[in-house]
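Peer 1: Here is what each chain is made of, one letter per residue.
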Amino acid sequence: EAQVTQNPRYLITVTGKKLTVTCSQNMNHEYMSWYRQDPGLGLRQIYYSMNVEVTDKGDVPEGYKVSRKEKRNFPLILESPSPNQTSLYFCASSLNRGQYGYTFGSGTRLTVV
Amino acid sequence: AQSVTQLGSHVSVSEGALVLLRCNYSSSVPPYLFWYVQYPNQGLQLLLKYTTGATLVKGINGFEAEFKKSETSFHLTKPSAHMSDAAEYFCAVSGKIYNQGGKLIFGQGTELSVKP
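From first to last, the protein sequence lines stand for chains A and B.
So for the first sequence, the numbering used here puts the first residue at 1; every next one is plus one.
So for the second sequence, the numbering used here puts the first residue at 1001; every next one is plus one.
No wet-lab data here; the hints were simulated from the structure.
Hints should not be assumed to be uniformly reliable.
[Unchecked claim] Chain A residues, not near chain B, derived (Cβ > 12 Å throughout):
| id | residue |
| --- | --- |
| 1 | T15 |
| 2 | T20 |
| 3 | T22 |
| 4 | S24 |
| 5 | S33 |
| 6 | D56 |
| 7 | K69 |
| 8 | N73 |
| 9 | Q85 |
| 10 | T111 |
[Unchecked claim] In the DSS-like style, the derived pairs of lysine-lysine whose C-alpha atoms are separated by at most 27 Å in a straight line are:
| id | chain 1 | residue 1 | chain 2 | residue 2 |
| --- | --- | --- | --- | --- |
| 11 | A | K18 | A | K57 |
| 12 | A | K57 | B | K1069 |
| 13 | B | K1049 | B | K1069 |
| 14 | A | K69 | A | K57 |
| 15 | B | K1049 | A | K71 |
For each residue, glycine too, the CB sits at the ideal point set by N, CA and C.
Kindly generate the complete structure, drawing on both the sequences and the hints.
Peer 2: Structure follows, in structure tokens:
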């Protein structure tokens, strides 16, 4: 089944403890992206990647890192999480410049205390 | 810069009634247009998209949307609401400029409630 897989689905962590949210897609998509969803603010892009080793900042990149060493994987790294990064995170992938629409993962609900 | 406006953060309809969710966009060139649906505790699922060609597009679950360039709109409709349609709906646009990486810009979302 074609899908984007995120792990974990739920995570509670403490301020400052590094964490990684994994994202993997099995559709051979070039484009991958991370979004965060917050009440009243909608979905905002954190980082995106147009291909292996090509990443760039989205609208809200502060406090996040990403890497794209392989086409299928696009992990999101929080080096020193803070409470304002408590959010619902989505990974998404697309075949070609997003004109076909993105396929989204099921989301990771992160709470930083 | 591109932006998306969804009119009405909450829409309530009776089962069997017409569903109309409004979306207007702002863009210097007509973008790619999408509607996504999000059920509770789930990710976003693509309902339908407009990229080129026929301006009336049909999607899953009986939904359709019409691209109107003159009105910069992409409203979502369904003739007869079903209880299972209760969810949050997002309109989104994606630019045709290569170096934007196909970035999706989302509207704020419209929560649809369906009354029995």
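Peer 1: Compare the structure with each hint and give your call.
Peer 2: So, going through the hints one by one against the coordinates:
no., hint, in the structure
1, T15, "holds, 26 Å"
2, T20, "holds, 19 Å"
3, T22, "holds, 15 Å"
4, S24, "holds, 14 Å"
5, S33, "violated, 7 Å"
6, D56, "violated, 7 Å"
7, K69, "holds, 18 Å"
8, N73, "holds, 17 Å"
9, Q85, "holds, 19 Å"
10, T111, "holds, 15 Å"
11, A/K18 - A/K57, "holds, 20 Å"
12, A/K57 - B/K1069, "violated, 30 Å"
13, B/K1049 - B/K1069, "holds, 15 Å"
14, A/K69 - A/K57, "holds, 17 Å"
15, B/K1049 - A/K71, "holds, 25 Å"
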